[in-house]
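Engineer: Take a look at the letters that make up each chain.
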Amino acid sequence: MPVAELRGVTKRHGQVEALRGIDLSIAPGELLALLGPNGAGKTTAVRILLGLAAPTSGEATLFGYHPASQAKLRRGALLQVAKVPETLKVREHIELFSSYYEKPLPIAETIAAAGLAGIENRLFGALSGGQKQRVLFALAICGNPDMLFLDEPTVGLDVESRRALWARIRGFVARGGSVLLTTHYLEEADALAHRVAVIDRGRIAAEGTPAEIKAQTGTSGLEDAFLAIMKENVNALEEVLQ
Amino acid sequence: MNRAYWMESKMELLKMARLKQYSLSTVAFPLMFYCFFGLAMAPFSQGATSMSKYLLATYGAFGVMGATLYAFGAGVAVERGLGWMEVKRASPMPPAAYFVAKGVVSLTFGALVVTLLFALGAIFGGVRMPASQWLIMWGALVAGAIPFGAIGLAIGSFAGPNSAANIVNMIYLPMGFLGGLWMPIEILPKALQHLAPWLPSYHFGQIALAILRVPVQGSVLGHVEALVGFGLVFAGVAWIGQSRDHQKMYG
Chain A
0 MPVAELRGVT KRHGQVEALR GIDLSIAPGE LLALLGPNGA GKTTAVRILL
50 GLAAPTSGEA TLFGYHPASQ AKLRRGALLQ VAKVPETLKV REHIELFSSY
100 YEKPLPIAET IAAAGLAGIE NRLFGALSGG QKQRVLFALA ICGNPDMLFL
150 DEPTVGLDVE SRRALWARIR GFVARGGSVL LTTHYLEEAD ALAHRVAVID
200 RGRIAAEGTP AEIKAQTGTS GLEDAFLAIM KENVNALEEV LQ
Chain B
0 MNRAYWMESK MELLKMARLK QYSLSTVAFP LMFYCFFGLA MAPFSQGATS
50 MSKYLLATYG AFGVMGATLY AFGAGVAVER GLGWMEVKRA SPMPPAAYFV
100 AKGVVSLTFG ALVVTLLFAL GAIFGGVRMP ASQWLIMWGA LVAGAIPFGA
150 IGLAIGSFAG PNSAANIVNM IYLPMGFLGG LWMPIEILPK ALQHLAPWLP
200 SYHFGQIALA ILRVPVQGSV LGHVEALVGF GLVFAGVAWI GQSRDHQKMY
250 G
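Protein chains in written order, with numbering that gives the first Met the number 0: chain A, 0 to 241; chain B, 0 to 250.
Because the hints were derived from the structure by calculation, they are not lab data. No incorrect hints appear here.
Using C-beta positions, here's what the derived DEER-type ranges look like: (1) Leu231(B) <-> Ala190(A): 53 to 63 angstroms; (2) Gln216(B) <-> His65(A): 46 to 56 angstroms; (3) Glu58(A) <-> Ala95(B): 21 to 31 angstroms; (4) Gly159(B) <-> Asn120(A): 31 to 41 angstroms; (5) Leu231(B) <-> Ala81(A): 30 to 40 angstroms; (6) Arg6(A) <-> Gly221(B): 52 to 62 angstroms; (7) Ala81(A) <-> Arg17(B): 12 to 22 angstroms.
We put the beta carbon where it would ideally sit given N, CA and C, even for glycine.
Take these sequences, add in the hints, and give me the full structure.
Structural biologist: This is the structure we're talking about:
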C-alpha cells in the first residue's frame, strides 16, 4: 500500500486550474521528487496531501486515511515560511512541536539529527539562514514521523548548507522514512530522489527514476531531460528559462 | 493533548515577554499615562471621586485593551500573513491551542498591567477602598480581555502582516480617548459624547467605574450586554476571516 496517494486530483482556484488530474503515489521508504517550474502546482499537491486544502475532485489519502485525520501524527512537514517567531530559542521551538505528537523523539535526538547541537539555546532570530532551515527540518522530524513533506527545503541556501541538509534528508530515508520533496533544483532531485515526477501546468509531464527520465529523453543529465520534457510544452519553455 | 495546550501557552508567553515592542509598550504606556493624568491630577476630583481613583478604573481598562488587541490583532496578522500559521496548521497542533495561548498571553499581561496600576494608585495616588472592591475591579478589568480578544482576532484575521500593528494603533488610541478612558467622558465635547456608546471601550470603562460606585451613564447590565454583543459580532467576523483564510491558497 502506498504511504501517500493522489488519485485523479484536480484543484481549481476560481478561474485558475492549479491541478488538472494528477495521479501520484509514494511507496514506503521512497523519496519522490516533484519537479517543476514555479506555479506548476507543486505546492498545491503538497497542501492537498497535508490536508491544508481540499481537492476540487479526486481523492487524496495518507497512510490510507484522509490527510487531515489522525494520519497527521505520522507525518512531518517543512513548508515555505517567510517569518518564524524569532524570540523563541531553538530548543523551545522543538519542545513545543514535540508536544503535538504522541510519541516524539527525545529532544536531544531531534537536536542531533537536525545538526543543531551547540546552538540549541540560541534565539531563532540570531541564526543564519542555513541554521534556520535546519530548525524547520527539526520541527518536521521531531514527532518521529513515517513520512516527510519538504516543500523547496533548500531554496535560498548556499551550497554548503544545501549539501548539509541533503545529508539530513538521506539520514531520514536511511532509517526507512518516506519523503515527498518539491524542488526546482534539478541537481537536488538527481542527488536525492528514487523517483522523479515532472509536473507542468497542473499535469504530470513525466515520471520515473532519474535514469529512466534521462533515457526517455535521450539526454545525459536531468537538467537536459527536464528541458526536453518542457520543450514539448512550448509555452512552458519561457518559464523554465527564467 | 493537554500537554500541547500547556506548552503552546508557555511558549507564547515566553515569546511575547521577550518581544519588547509588545511587553514593554503594553505595560509602560498605561502606567505612564496614569502617572501623567491620574497621579498628577490626584488633588482634583470628578464628582465625589478623586481623579487618581477614577482614572485607575479607566486606565486599567485601557491597559487590558492594549495587551489584548496587540496580542491578537498584530500577533495573528503577522503569523497568518507570513506563513507561520500554515506551518502550525500542517502540524498536529490542536487548532484551538493556538488561540487559547494568545488568550493566556492577553490575560497575563492584562493582569500584570492592572496589578501594577493598582500598586501605583494605592501607594502614590492615595486610593483607598475595601479589599472586596479592589478584587472585584481587578477581576472585571482582567475579564474585559475576552470581548477585546474577539475584536483583536477579527483585525488579525483580515489585516496584512505589515499594517496590522498600525491598524491596531489607529483603533486602540482613539477608542481609548473617545471611550472616556484617558479622561472622564463628561469632559469631552457633547458631540463626541454621543459617539461613545458605539465604542466597546466606553462600555468597558463604565463597568469599571460602576464598581467604584461612580455614577455612570445607563445601567451596568446594559453595558455588559453591549460588550457581549460587540464580542459576539467580532467573533463572527473573526470566524469568517479564519475560514476564508483556510480556503485561500498561496505559493
